[in-house]
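Using the sequences and the hints given, assemble the complete structure.
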Amino acid sequence: MQDMTPINTAEASERRAIKISAKEVTVHYGAKQALFGVDLDIEENQVTSLIGPSGCGKSTFLRCLNRMNDTIDICSVGGQIRLGDINIYDPKVDVVELRARVGMVFQKPNPFPKSIFENIAYGPRIHGLCRDKSDMEEVVVSSLQKAGLFDEVKDRLDEPGTGLSGGQQQRLCIARAIAVSPEVILMDEPCSALDPIATAKVEELIDELRENYTIVIVTHSMQQAARVSQRTAFFHLGNIVEEGPTEQIFTMPKDQRTQDYITGRFG
Amino acid sequence: MSPLWLLAVIFIVALTGAILGRSRAIGAVDGEVSTLHSRPGYYGSYVFIWTAIPAALFMAALLIAQPFFNRSVVHDHLFGAYESGCQRSLSFGKSNAAILKAGDENAPQICRDWIEFRDLETRQDLVQGVVRNVADGLALLNKDELTKLRAGLVAIRPMMAQKGIALAEDVSAPIVSAAYRLNDARSRANFLLYGGLGILLLAGFLGSYLRIRPALRARNLVEANIRIALIIASSIAVLTTVGIVLSMLFEALNFFDHVPLVDFFFGTVWDPRFQSVGRQVSSEGGQFGLLPLLWGTMFISLVALLVAVPIGLFAAIYMAEYATRPIRAVAKPMLEILAGIPTIVYGFFALVTVGPFLRDAGASIGLSISANSVLTAGFVMGIMLIPFISSLSDDIISAVPQSLRDGSLGLGATKSETIKQVILPAALPGIVASILLAASRAIGETMIVVMAAGIAANLTANPFEAVTTVTVKIVSQLTGDLEFNSPQTLVAFALGITLFFITLGLNVFALHIVRKYREQYD
Ligand SMILES: Nc1ncnc2c1ncn2[C@@H]1O[C@H](COP(=O)(O)OP(=O)(O)O)[C@@H](O)[C@H]1O
Ligand SMILES: [Mg+2]
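Protein chains in written order, with the working numbering: chain G, 1 to 267; chain R, 1 to 522.
Watch out, some of these pointers could steer you wrong.
Taking CB as the label site, the calculated pair distances span [claimed, not checked]:
| # | chain 1 | residue 1 | chain 2 | residue 2 | range |
| --- | --- | --- | --- | --- | --- |
| 1 | G | G166 | R | I26 | 54 to 60 Å |
| 2 | R | D30 | G | G30 | 53 to 59 Å |
| 3 | G | E137 | R | Y322 | 41 to 47 Å |
| 4 | R | I226 | G | G166 | 27 to 33 Å |
| 5 | G | G166 | R | T324 | 32 to 38 Å |
| 6 | G | L129 | R | A329 | 40 to 46 Å |
| 7 | R | A329 | G | A17 | 46 to 52 Å |
| 8 | G | G37 | R | A329 | 32 to 38 Å |
| 9 | R | F357 | G | E137 | 52 to 58 Å |
| 10 | G | M252 | R | Q402 | 54 to 60 Å |
| 11 | R | A329 | G | D260 | 55 to 61 Å |
| 12 | R | A329 | G | G166 | 21 to 27 Å |
To spell it out: a stretch of chain R is covered by chain G in this simulated footprint if at least three of its residues, at any positions, have a beta carbon under 8 Å from a beta carbon of chain G; those stretches are [unchecked claim]:
| # | stretch |
| --- | --- |
| 13 | 264 to 272 |
| 14 | 413 to 427 |
Source of the hints: derived by calculation from the structure; they are not laboratory data. The beta carbon of each residue, even a glycine, is placed where N, CA and C say it ideally should be.
What follows is the structure, encoded as structure tokens:
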């Protein structure tokens, strides 16, 4: 199945290590159930996209992966999610440490009302990653470089991050996430508030980041999923209907519902 | 009929008109309401407005003008009556009454009355009052009694007393005749009022009622009137403010005729020295240095803010970030009840509990704290200010977008790190504004300091001593039976306007900051 398409042959043939493995994940918001036993393996150094109609639980699932759901009082999570060899819902797990390993980028760019420099330095500082000022500067610069933003902002690092354009803000948020050297970056519709040119830049960036990070991205755009991801999971009504290499999902989906969705018949 | 009754009549007539207008509109289209330009209610409102408003305005104008008019009728009549009475009472040859001087003991009573009336405004007010009383009394008499009175068969004073109108002295003939004149003028005015109202009500009703056609744009006409009503309401509010400020300003300028600006704004001694009534007061009669009062105000406000800001801010953070919904539902209103406690109650609390407690506590560790002290007043005022800071800061912290919290938490920050490093900095302008608003409350606060701060105008940096504030001094300069012509009382206006400008400045600054902050997140 995997080697049906010439482009993905090389990547697919070598089985990649599993970075995150979710088993039977259920989520309730109060009495309302949002996920009904989701299983998904996320491969290391790949971009995995989560697609599906609105309200089907993509964001909910994504937020389970770094326990952001903990911040919602009424939310309860069941099942098991393993990151490497730990179960992230184990009570012994330190959420702070987990979120340092699994970073997150949100739908709407949300730079802090601080300078560009301070936006990036925020994460390393709270985790005590840098010994001194020059160390910090190095981290900030390299994070901005990795996010492809450095050249655009190098002369105004102490201007407020909120003064950047939407696309720049989103890349700033990506740089902010990179600065704490996570292993996984979760992105929830990172381009939905951006114009096509900014979107293209962010997509390019995601493709580059794959080399060093494992990326999970929620997207509403089929084209985007096709462009940036190697694997795709199709969510429907709180379940994963189909999951597999992106090429296969888009060219020959096994499930009728996937077929309907990607051909735009619903969603 | 009293004005209230007249208003009720106007209202009822207009309401009836409105109902008629509405049904005329419906009738004009045979019930096909959708073919009307406006909904039927608008035609009713249209008739209502045209019936009620002109009549009500006419009534208001008449009622406002009437006392002035009556007063001048009475004045002119009395002036003439006194003058001719005086002329008649003087012997021939000395006929020119104008040569009489005030205080001439030999002049006949009527001439002395006349001269007093001519020269003294206070006397005029008095006489006008008596005339009104007599006129009220005369209006109560029946025909029989009136004829007896005219014929001089009964004295006027006992007659009035019988009707429940007490007159201080026997009234002279000019006053009685003026009272008759006044009653004439009143009945003429009433005639005008009722006649005018009748005509206006009828004309307004017919004029609007007959104009009702399906194509009449009643909605637009009504909307235009609503706009006018709103403009009037807001201009009343604005004009009142302007009026208050101007009157304070003029009285303050009066004060600065007595005391130089520099002595007031930069004087360090407050010693206004009340003088016995009647004696000439001079500017040397006292020293009016603002600085000790301003210092007291600022010092107490500072202590109050030192109490209120940390407590209020922490309470706000708890409410906005940590409290669960049920706790918040109970605790927030409870905190806001604090804001509803009258400040005089805080004053008791300071006077009876906090002051003595601090004094005793100080004594037990060897500090001498006077019962009235900066500390007492500042502490109690701080308690009073807590809800102002917590409530506004809570709103502002809650308004910080959730996405910022998520962003920080998503990076692995703890809740308190998020609050300290992201939320508070984001909310800072708003928090500063809430503190400034609280400060302006503190500066203008009166009751607590009257009861807890003391009255001694000290320039001291010792928080255990008593100081006094601008507001306390305004109260003490104006308490009692005073005339506003000496610097001792006029200074209150200078203090008042100073205070006004300080708090105004703080408020404007705070609102400016809040507005800027709003723009940031919309
Ligand atoms: N904070 C929340 N409280 C209650 N219900 C929620 C909350 N967030 C999401 N939901 C519900 O969970 C379901 C899945 O939502 P979500 O994961 O946001 O969908 P998606 O991201 O796929 O559009 C929806 O029905 C939504 O109403
Ligand atoms: Mg979503």
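So, going through the hints one by one against the coordinates:
{"no.": "1", "hint": "G:G166 with R:I26: 54 to 60 Å", "verdict": "holds, 56 Å"}
{"no.": "2", "hint": "R:D30 with G:G30: 53 to 59 Å", "verdict": "holds, 56 Å"}
{"no.": "3", "hint": "G:E137 with R:Y322: 41 to 47 Å", "verdict": "violated, 35 Å"}
{"no.": "4", "hint": "R:I226 with G:G166: 27 to 33 Å", "verdict": "violated, 42 Å"}
{"no.": "5", "hint": "G:G166 with R:T324: 32 to 38 Å", "verdict": "holds, 35 Å"}
{"no.": "6", "hint": "G:L129 with R:A329: 40 to 46 Å", "verdict": "holds, 41 Å"}
{"no.": "7", "hint": "R:A329 with G:A17: 46 to 52 Å", "verdict": "holds, 50 Å"}
{"no.": "8", "hint": "G:G37 with R:A329: 32 to 38 Å", "verdict": "holds, 36 Å"}
{"no.": "9", "hint": "R:F357 with G:E137: 52 to 58 Å", "verdict": "holds, 55 Å"}
{"no.": "10", "hint": "G:M252 with R:Q402: 54 to 60 Å", "verdict": "violated, 41 Å"}
{"no.": "11", "hint": "R:A329 with G:D260: 55 to 61 Å", "verdict": "violated, 46 Å"}
{"no.": "12", "hint": "R:A329 with G:G166: 21 to 27 Å", "verdict": "violated, 37 Å"}
{"no.": "13", "hint": "264 to 272", "verdict": "violated (count 0)"}
{"no.": "14", "hint": "413 to 427", "verdict": "holds (count 7)"}
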